[in-house]
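Chemist: What follows is the residue order along each chain.
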Amino acid sequence: MKKVLRNISLSLIIALVLVGGKPVVAEDVPELAPLGPPPIPTDNPMTPAKIELGKMLFFDTRLTGDASLSCASCHDSKAGWGDASDVCRGYPGTSHWRNCQTIINAAYYNKLFWAGSSRSLEAQAETANRGAVAGNGERDMMEARLYQIPEYIKRFKQVFGTEYPNLKDAWRAIAAFERTLVQRDTPFDRYMKGDKAALSEKAKKGLELFKGKANCIQCHNGPLLTDEKYHNIGVPENPAFEEDPLKQITFRYEQYAKGVTEEIYRTTKTDLGLYYQTKRKEDMGKFRTPSLRYLNYTAPYMHNGVFFTLEEVIDFYNEGGGDDPIEKLYRLSTKTEKLKPLNLNDEEKGALMAFLESLTGEEIILAPPELPDYAVMK
Amino acid sequence: MIRIIASFALAAVILLPDLPSAYQTVDVVDGASLTGKVVFKGKAPEPEKILINKNKEVCGTGYRKKGEVRVSASGGLMDVVVYLEGIKKGKPLSKPAGGYVLDQKNCSFLPYVQVIPRRSKLVVLNSDPVLHNVHTYELIGRVKRTMFNFAQPVQGSKITKTIRPRRGKVVKIECDAHNWMLGWIYVLDHPYFSVVGEDGTFKIDGIPPGTYKVKAWHPILGIKEGKASVSAKGTARLSFEFAK
Amino acid sequence: MRGKCLLLLSFLLLFWSAGVAVAADLARLPEPPKVKEAQAKLGRYLFFDTRLSGDAALSCASCHDPNKGWANNVENDEELSDAYPGSKYFRNAKSPINVAFAETVYWDGRLPGKSMLQVHVRDHITETHFMNMDGRLMLERMKQIPMYVRMFKQAWNAEPSFGNIRNSIREFEKTLVSRNVPFDKYLQGDQNALSSPAKRGLGLFKGRAGCIKCHHGPMLSDYKPYNLGVPANPKIWNDPMRHFTLRSFQLAMGVPGFERAERDVGYYAVSKKKKDIGRFVTPSLREVSRTAPYMHNGVFKSLEEVIEFHAKGVGPDIEPVALSKGEIRELVEFLKSLSGDVIKVAKPADMPEDYTLIEDWYNKRN
Chain A
3 MKKVLRNISL SLIIALVLVG GKPVVAEDVP ELAPLGPPPI PTDNPMTPAK IELGKMLFFD
63 TRLTGDASLS CASCHDSKAG WGDASDVCRG YPGTSHWRNC QTIINAAYYN KLFWAGSSRS
123 LEAQAETANR GAVAGNGERD MMEARLYQIP EYIKRFKQVF GTEYPNLKDA WRAIAAFERT
183 LVQRDTPFDR YMKGDKAALS EKAKKGLELF KGKANCIQCH NGPLLTDEKY HNIGVPENPA
243 FEEDPLKQIT FRYEQYAKGV TEEIYRTTKT DLGLYYQTKR KEDMGKFRTP SLRYLNYTAP
303 YMHNGVFFTL EEVIDFYNEG GGDDPIEKLY RLSTKTEKLK PLNLNDEEKG ALMAFLESLT
363 GEEIILAPPE LPDYAVMK
Chain B
330 MIRIIASFAL AAVILLPDLP SAYQTVDVVD GASLTGKVVF KGKAPEPEKI LINKNKEVCG
390 TGYRKKGEVR VSASGGLMDV VVYLEGIKKG KPLSKPAGGY VLDQKNCSFL PYVQVIPRRS
450 KLVVLNSDPV LHNVHTYELI GRVKRTMFNF AQPVQGSKIT KTIRPRRGKV VKIECDAHNW
510 MLGWIYVLDH PYFSVVGEDG TFKIDGIPPG TYKVKAWHPI LGIKEGKASV SAKGTARLSF
570 EFAK
Chain C
414 MRGKCLLLLS FLLLFWSAGV AVAADLARLP EPPKVKEAQA KLGRYLFFDT RLSGDAALSC
474 ASCHDPNKGW ANNVENDEEL SDAYPGSKYF RNAKSPINVA FAETVYWDGR LPGKSMLQVH
534 VRDHITETHF MNMDGRLMLE RMKQIPMYVR MFKQAWNAEP SFGNIRNSIR EFEKTLVSRN
594 VPFDKYLQGD QNALSSPAKR GLGLFKGRAG CIKCHHGPML SDYKPYNLGV PANPKIWNDP
654 MRHFTLRSFQ LAMGVPGFER AERDVGYYAV SKKKKDIGRF VTPSLREVSR TAPYMHNGVF
714 KSLEEVIEFH AKGVGPDIEP VALSKGEIRE LVEFLKSLSG DVIKVAKPAD MPEDYTLIED
774 WYNKRN
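Residue numbers (the numbering used here), protein chains in the order written: chain A, 3 to 380; chain B, 330 to 573; chain C, 414 to 779.
Hints are computed from structural coordinates only; laboratory data are not their basis. Small disclaimer: the values here were computed from a predicted structure and weren't measured. The C-beta atom is built at its ideal place from N, Cα and C for all residues, glycine as well. Possibly wrong hints are sitting among the right ones.
[Stated by the list, open to error] List of simulated lysine-lysine pairs, DSS-like, C-alpha gap at most 27 angstroms: (1) B:K385 with C:K481; (2) C:K777 with C:K637; (3) B:K487 with B:K370; (4) B:K532 with A:K80.
[Claimed, not checked] One-sided excerpt, in silico: chain A residues whose CB lies under 10 angstroms from chain B: (5) S72; (6) G95; (7) E210; (8) G214; (9) K215; (10) N217; (11) K249; (12) N298; (13) F310; (14) A369.
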């Protein structure tokens with residue numbers, strides 16, 4: 003009842019403002035909040051043995067086509083659980099085309115990847131291990147390799163009760179391991195739970211800017227600091243695509259594989275983001291708002307990694323984002339209306355930075371486990 | 330306005346670092362020497378132990394250590410580059426007789442550490458009968474940016490690339506086909522450096538007399554700084570200590 | 414009435430096919446197939462190009478090396494073929510020479526040869542343990558090499574496509590046919606084309622040794638599966654990587670018990686009929702003197718060994734026959750007469766090593 007009333011009054015305000023011109027009031031966005039425990043799907047409960055197995059598989063290169071890379075190759079704990087490059091390295095003989103995102107707190111997202119193409123960590127693991135410019139693995143080979151490792155046979159049997167390892171279970175174990183990679187004890191979380199000393203005065207001022215003048219909270223809201231929605235903010239192109247033939251190959255391949263029209267395939271050189279999922283023009287150039295947690299360790303930033311530092315990111319938003327690449331191509335602006343020049347001065351930028359830094363806690367570093375070798379089967 | 334920002338970011342990426350190096354070759358009379366040793370105290374961090382699970386005939390079996398801090402019996406720290414910081418003129422650059430080469434042999438990069446001036450040609454050689462995929466990155470803070478990345482399947486193949494970092498000095502070399510392979514290039518535009526020997530000792534000579542900031546860089550342990558004054562034809566000593 | 418006609422027709426067919434079986438004889442190779450030059454030339458480049466494999470490690474020539482009899486060879490102790498990195502193959506690679514006349518391809522004959530060569534080319538490119546390539550990525554690689562773009566235009570009047578890549582290699586394979594084969598000349602009436610021992614070997618081949626029962630027709634193969642009881646090659650089960658590659662293959666083919674894969678089931682993987690367990694398709698004997706090692710698992714190193722083994726009649730699908738050492742030598746002499754001129758094809762010297770950057774990327778139409 004109360005909720006209904008609130009909605010009515012909000013609509014009223016919006017209506018009133020609309021009458022007077024552009025809507026300038028802040029939307030009713032979810033409050034910032036400390037992060038709770040991650041949701042655990044009922045069909046993949048967490049057990050210590052499963053998590054341990056998942057950790058091994060996460061580091062095991064045998065779950066890719068030519069046994070050269072593992073999940074950890076592009077999600078390296080020493081690189082903020084991304085790979086620290088602007089555009090992810092990809093499979094040998096190729097380059098990837100987007101920035102690899104951190105796995106820290108990935109457990110909370112309802113969809114994975116920059117365009118939300120995956121609905122669960124389990125599905126994401128499979129997609130990443132199979133894609134031609136990522137893992138390029140096929141089920142037959144990846145699963146058969148597991149049959150040849152007695153330690154895995156034993157552990158899969160213990161965790162899943164199967165006679166031989168099943169690849170679907172491998173993705174489940176990896177997802178379970180990833181659900182342990184969460185960070186909930188940042189200065190920000192402590193502050194939100196009542197420890198007023200957890201944030202410096204500067205960071206507190208940054209928080210006010212975040213919610214107010216800079217209005218980051220429009221999209222970066224809730225405990226995860228993301229609306230999990232898709233926006234075009236006009237990220238500039240990464241010059242690496244003009245310099246590396248492998249990236250040009252991959253860019254065309256991705257468009258081809260994602261089933262765009264021939265005209266788009268032949269002419270469009272900007273990543274169309276959510277459009278590849280929906281094939282709706284109004285979704286062109288939109289990418290899922292990333293969480294701001296663990297930000298200190300996850301440079302570079304944006305879907306194409308074009309910004310190497312947080313300062314560059316703040317400057318970008320201070321200018322109201324970038325030019326709309328879609329408008330240039332299709333005379334259809336999909337750029338979000340939410341971005342306006344912010345007119346932040348250096349002190350304010352510094353304060354905002356201090357707040358953003360409070361969203362990261364201790365660096366989570368994990369030594370890779372010693373992996374079991376293949377064995378001759380009797 | 331937005332365009333300005335974007336192009337500024339672009340300029341930062343492209344233009345700044347490709348400025349010509351300021352190093353000038355001059356005759357050095359009364360050149361001095363700097364010698365010393367780099368030592369390591371304490372317990373070296375554990376390297377990653379990576380299982381070899383492909384190309385075993387060439388790469389070997391068992392586990393490979395990656396990112397090892399190698400210390401000699403006498404405590405000398407290996408794989409360190411010692412160099413004079415910011416020296417603007419002096420003796421000519423010295424290029425190795427066969428040019429700069431990065432060999433891929435038995436699924437390792439050789440040499441593990443080498444110093445190369447900006448814009449030099451580097452020959453990437455595959456001595457193995459298996460695919461290697463050299464992938465070089467310049468390190469910029471926590472970020473790494475691809476310099477070049479190519480598959481090299483043919484034994485004996487040589488591919489020449491130019492070392493062209495934009496903002497950084499440290500180039501990390503990985504093989505996308507073998508996840509234990511690791512190598513490093515340190516980019517310096519002058520000849521006043523020394524890659525330490527197996528016992529951690531170094532010698533830099535032909536130094537114009539003066540006082541210098543000296544740096545020691547180790548790929549895993551980072552940078553230490555020292556200071557040295559050298560007099561005409563003299564030899565100064567300097568030691569570096571890394572600890573963990 | 415209609416039923417009766419059908420009955421008669423099938424009687425006739427039965428009679429006709431039985432007649433063929435009785436009359437099965439050796440025949441010379443047909444005339445070389447017509448080849449489209451520009452397409453075959455392109456196919457030759459592609460045959461040697463590692464960019465047709467997922468991680469750019471292997472080309473067709475990696476396992477079908479013209480310098481090794483177009484396959485793996487015994488001199489290099491390669492009883493079994495190589496495979497995609499991270500796996501190792503469990504069979505002996507066959508030579509593509511004369512594949513243009515083959516009824517089927519592979520030791521289990523699971524794919525068509527002859528006019529459908531592009532099918533096994535596709536299979537080689539995409540199969541996990543061969544080249545493990547996504548065709549869509551492959552064609553974009555080709556488009557990043559201006560020389561290929563020109564060659565595709567010339568050969569197909571089109572840009573690179575997976576179909577054109579396959580068909581180009583098919584055209585190249587059609588050029589790989591035996592020429593000036595002594596045995597074929599003999600069949601055409603040149604009595605001097607075979608030595609006396611070879612002629613005696615031919616007599617045995619068609620007569621008492623009974624080779625012709627399965628090795629007949631122009632390819633000296635009936636392309637049917639048999640179980641000869643070929644001994645297992647322990648190198649497969651002693652090398653975990655070969656073993657799991659076999660497991661992977663059996664998994665993909667839906668072979669029951671693939672998790673263990675205790676033997677190479679051969680044609681059973683195709684038919685799923687119990688009687689076919691351990692059966693392999695009769696290989697062609699063309700060029701056989703150059704394609705050691707022998708059998709599906711490369712377990713025999715010489716033709717003498719192979720003939721001795723056949724003579725023992727170990728498996729359920731073969732009868733023993735007594736052959737003297739001299740007769741075996743004569744059979745070998747005959748088999749040697751099945752090889753034509755050595756087919757030498759080198760990797761094209763001007764094959765571009767690097768991709769070419771596309772300038773003005775944002776404005777350039779793909």
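Chemist: Under the criterion that the straight-line Cα-Cα distance not exceed 27 angstroms, is the pair K777 (chain C), K637 (chain C) satisfied?
Modeler: 53 angstroms, violated
Chemist: Regarding the hint that S72 (chain A) lies at the interface with chain B, is the smallest CB-CB distance below 10 angstroms?
Modeler: Holds, because the Cβ-Cβ distance from S72 (chain A) to chain B comes to roughly 7 angstroms (cut-off 10 angstroms).
Chemist: For the hint on E210 (chain A), just tell me whether its beta-carbon gets within less than 10 angstroms of chain B.
Modeler: 24 angstroms, violated
Chemist: Given the hint that K385 (chain B) pairs with K481 (chain C), does the C-alpha gap stay at or below 27 angstroms?
Modeler: Between K385 (chain B) and K481 (chain C) the Cα gap is close to 23 angstroms, so the pair holds against 27 angstroms.
Chemist: Measuring from the C-beta of A369 (chain A) to each C-beta in chain B, is the shortest one below 10 angstroms?
Modeler: For A369 (chain A), the interface hint holds, since the closest Cβ of chain B sits about 7 angstroms away, which is under 10 angstroms.
Chemist: Decide if the proposed pair is consistent with the structure: K487 (chain B) and K370 (chain B), CA atoms, cutoff 27 angstroms inclusive.
Modeler: Distance ~40 angstroms between K487 (chain B) and K370 (chain B) Cα, so the pair is violated.
Chemist: Could you check if K249 (chain A) really has its C-beta closer than 10 angstroms to a C-beta on chain B?
Modeler: 9 angstroms, holds
Chemist: Against chain B, run the beta carbon of F310 (chain A) and see if the smallest gap drops under 10 angstroms.
Modeler: 5 angstroms, holds
Chemist: Close enough to count: is the Cβ of N217 (chain A) nearer than 10 angstroms to one in chain B?
Modeler: 17 angstroms, violated
Chemist: Identify whether the interface hint at N298 (chain A) stands, where standing means a beta carbon of chain B within less than 10 angstroms of its own.
Modeler: Hint holds; N298 (chain A) Cβ to chain B Cβ min 9 angstroms, cut 10 angstroms.
Chemist: Would the hint on K215 (chain A) stand, with a C-beta cut-off of 10 angstroms toward chain B?
Modeler: Hint on K215 (chain A): violated, closest Cβ of chain B at ~18 angstroms, above 10 angstroms.
Chemist: At a threshold of 10 angstroms, is the proposed contact between G214 (chain A) and chain B supported by beta-carbon distances?
Modeler: 22 angstroms, violated
Of the numbered hints listed earlier, those contradicted by the structure are 2, 3, 4, 7, 8, 9, 10.
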